[in-house]
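Colleague: If you're matching them up, the sequences are chains A, B and C in order. The opening position of the first sequence corresponds to residue 772 in the numbering used here, with each subsequent residue numbered one higher. The opening position of the second sequence corresponds to residue 349 in the numbering used here, with each subsequent residue numbered one higher. The opening position of the third sequence corresponds to residue 41 in the numbering used here, with each subsequent residue numbered one higher.
Please keep in mind that the hints were generated in silico from the structure rather than gathered at the bench. Where hints are given, some of them may not hold.
[Unchecked claim] Distance ranges between label pairs, derived from CB positions:
{"hint": "1", "chain 1": "A", "residue 1": "I806", "chain 2": "B", "residue 2": "E364", "range": "51 to 61 Å"}
{"hint": "2", "chain 1": "B", "residue 1": "G571", "chain 2": "C", "residue 2": "K239", "range": "42 to 52 Å"}
{"hint": "3", "chain 1": "C", "residue 1": "D260", "chain 2": "A", "residue 2": "V897", "range": "57 to 67 Å"}
{"hint": "4", "chain 1": "B", "residue 1": "K582", "chain 2": "A", "residue 2": "I783", "range": "41 to 51 Å"}
Glycine included, each C-beta is placed from N, C-alpha and C at the ideal position.
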Amino acid sequence: MKDFFKLLKREIRICMNNSSIFFSFSTFFITSSLIFVFALDDLTNIIVFYKPVVWVVLIFSIMLVSENFLHEDYSDGSLKELQFLGFSEETIFLCKSLAMWLIILIPAVFLMPIILIFFKLSYNDVLKLFLNIFISTPSLTLISLLSALFSIQLKRNKIVQFVIILPFFIPIVIFTTTSENFAEPSKYFGDQLLILIGIFFITLPVCLYAGKLIMREINK
Amino acid sequence: MIFKLANPLKFQKFTEKFQPVTIHLALFLLVIGLFFSFFNSPPDYLQGETVRIMYIHVPCAWFSLMIYSIIVICSISSLVLRHTLADLISRSCAPIGACFTIATLVTGSIWGKPTWGTWWVWDARLTSVLILFIIYLGLIIINNSYDDKSKADKYASILAVVGAVNLPIIKWSVNWWSTLHQPASISKLSSPSIDPSMLVPLFIMTFSFFFFFISILLIRLKGEIIQRKIDVIKYNRVEK
Amino acid sequence: MVLEFISVYFRRNKRLIFDNFNLKLRKSQIIILIGDNGVGKSSLLDIAAGILKPEKGTIKINKTPLEELGSHKKEKFTYIPHKDSLKDYLTVEENLTNWLSLLESDISKNEFYESLKFFNLHKISQNQVINLSHGQRKKVSLTKLLLSKTKLWLLDEPFNGLDSSSANKCKALIHNHIKNNGSIILSSHINFELKASKKIFIKKPKKNDKQKSFKFNSWDDI
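All chains, please: the whole structure from these sequences, using the hints.
Modeller: And the structure:
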């Protein structure tokens with residue numbers, strides 16, 4: 772536990788100093804959603820498209836950032852250093868994902884007002900979007916970091932990462948974007964969030980265990 | 349039997365002996381099965397002649413799931429026991445499984461056009477099979493993108509075990525969600541909801557596909573073993 | 041016995057690197073590993089640090105097997121690998137304090153700045169690491185040795201990229217550590233002299249050893 776907080780402090784300190792990560796993330800997020808807006812034909816009914824656009828853009832930006840997040844540590848040897856200092860692989864993986872979530876995705880929630888303006892959303896929709904992002908991004912972070920670990924040693928790593936990541940993102944995307952006005956609006960929304968929380972509790976142990984196995988293999 | 353195979357050389361000889369038998373069995377059964385399915389089975393009272401696609405579609409679907417289960421079992425045993433044969437089997441199975449899955453999807457959509465009126469619907473069964481196909485692609489890419497084969501095997505087996513979450517979803521998707529796809533007809537062997545005259549060609553085709561799968565697997569395994577041997581000799585070459 | 045390799049068998053990417061390898065490191069002893077590129081010097085240090093696991097054999101530090109150490113590993117040895125694990129966008133000082141906070145070591149501010157002076161790093165302590173030269177980076181990572189309080193040092197090519205005066209300082213550091221009952225393993229691709237040291241020449245396995253593995257009698261061989 773002590774190890775965990777020490778490592779988390781280190782990660783956050785490193786991220787804070789390298790502000791370009793969050794900057795590139797937010798720039799990518801805003802510009803690519805802009806491109807979607809330009810590519811849409813029917814601007815009068817733009818509110819219909821906000822969910823797919825937000826989620827596709829969010830997933831792509833998480834993927835890009837996660838690769839940065841681990842690749843630097845791998846290439847300068849600090850992943851190896853943490854391992855021979857005796858930190859367990861699960862702790863390293865958990866700290867990385869928690870740091871990424873805290874540093875990048877929590878601030879990203881505050882980019883949502885821009886989406887509100889772009890897509891002419893009501894405040895109610897934005898609140899739901901906030902909640903959805905808040906609950907589903909932990910699993911997205913874990914999965915994307917795991918896929919970054921898979922592809923860290925490859926040159927064509929973006930493609931590999933994308934193919935690995937895609938099948939595991941699909942259920943999350945399905946449950947975050949299902950229409951909430953299904954018969955009973957309020958109740959259905961609650962169910963959907965519960966399913967997302969359930970998905971998180973499945974991904975957490977699976978990703979930690981798989982991450983541990985990969986990290987042990989990575990230095991060979 | 350196991351002791352006989354406990355050696356790459358003996359296994360290689362075994363594949364050389366056994367592979368022609370399986371391929372001939374597969375061809376023989378395929379001819380009989382095709383004859384039965386085209387000429388000796390009744391058309392469906394609802395779907396007419398299009399039901400004959402079933403004799404390819406259903407075995408392919410079964411094998412796409414079965415091969416993935418084989419990969420998962422081999423992956424778990426390679427992670428736990430670290431046996432090279434398990435690695436080799438899962439590595440050779442992945443492309444075969446991908447082919448069966450794409451065959452399932454293609455025949456399914458050909459069947460879907462006359463019966464459902466559309467090539468594709470985004471329902472649970474079809475989507476989960478598509479995900480299975482993408483996972484197969486991921487396995488193939490990982491297997492081919494690392495120079496160090498043992499590392500690639502380890503990564504691929506981790507991915508296969510993680511992707512195993514998809515298997516129960518595919519199997520029970522027709523029961524959990526309301527979909528266009530019909531539920532399994534042959535789940536209960538004692539009283540299948542399908543006529544015996546259709547069941548006979550279906551099973552003949554299944555066995556034919558099974559032997560076909562075994563024979564391709566043996567060819568690939570033999571190739572993998574030879575490739576590994578070449579690698580070992582190449583890496584350990586002594587400079588004079 | 042500070043560090044002990046007992047009949048280690050190790051392969052990397054199916055290439056045989058160590059077969060029945062034994063090594064004993066006593067108190068106040070230096071072992072220099074000398075060998076060509078790719079014979080497994082760095083692998084040996086990685087094995088000693090517990091990053092790579094040999095297929096057969098055990099490694100003991102102070103008579104306890106390496107696997108049982110767990111999170112106490114950092115109290116037993118200091119390993120300076122080839123990759124310096126310095127973060128580009130942090131300053132020299134921040135990099136070192138980050139490292140110290142992971143170690144939970146209680147080094148006073150004064151002691152810290154004194155250690156920086158050893159390699160003349162105090163002038164550049166506020167520079168970002170990305171602006172440093174290769175040799176300066178090496179010096180920063182070698183400063184970790186001054187800050188650590190462990191008895192066993194594992195050094196991968198410590199003199200690589202250092203100018204002659206810094207290399208002499210590094211040698212002095214090594215001798216000082218030996219006087220204080222420390223022990224060191226260091227690797228080098230060139231043969232050089234160091235007082236009170238024992239050299240081990242690592243060579244590629246001979247042809248006879250390899251012919252055995254070409255018979256493919258077991259599944260482990262491929």
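Colleague: Are the hints correct? Go through all of them and say.
Modeller: Each hint, compared with the structure:
Checking the proposed 51 to 61 Å range against A/I806 and B/E364 shows it holds: the Cβ atoms sit about 57 Å from each other. For the pair B/G571 and C/K239, the beta carbons lie near 46 Å from each other, so the given range of 42 to 52 Å is met. The hinted window of 57 to 67 Å between C/D260 and A/V897 holds, with their beta carbons roughly 59 Å apart. Between B/K582 and A/I783 the Cβ separation comes to about 46 Å, which falls inside the hinted range of 41 to 51 Å.
When the structure is compared with the earlier hints, no violation turns up for any of them.
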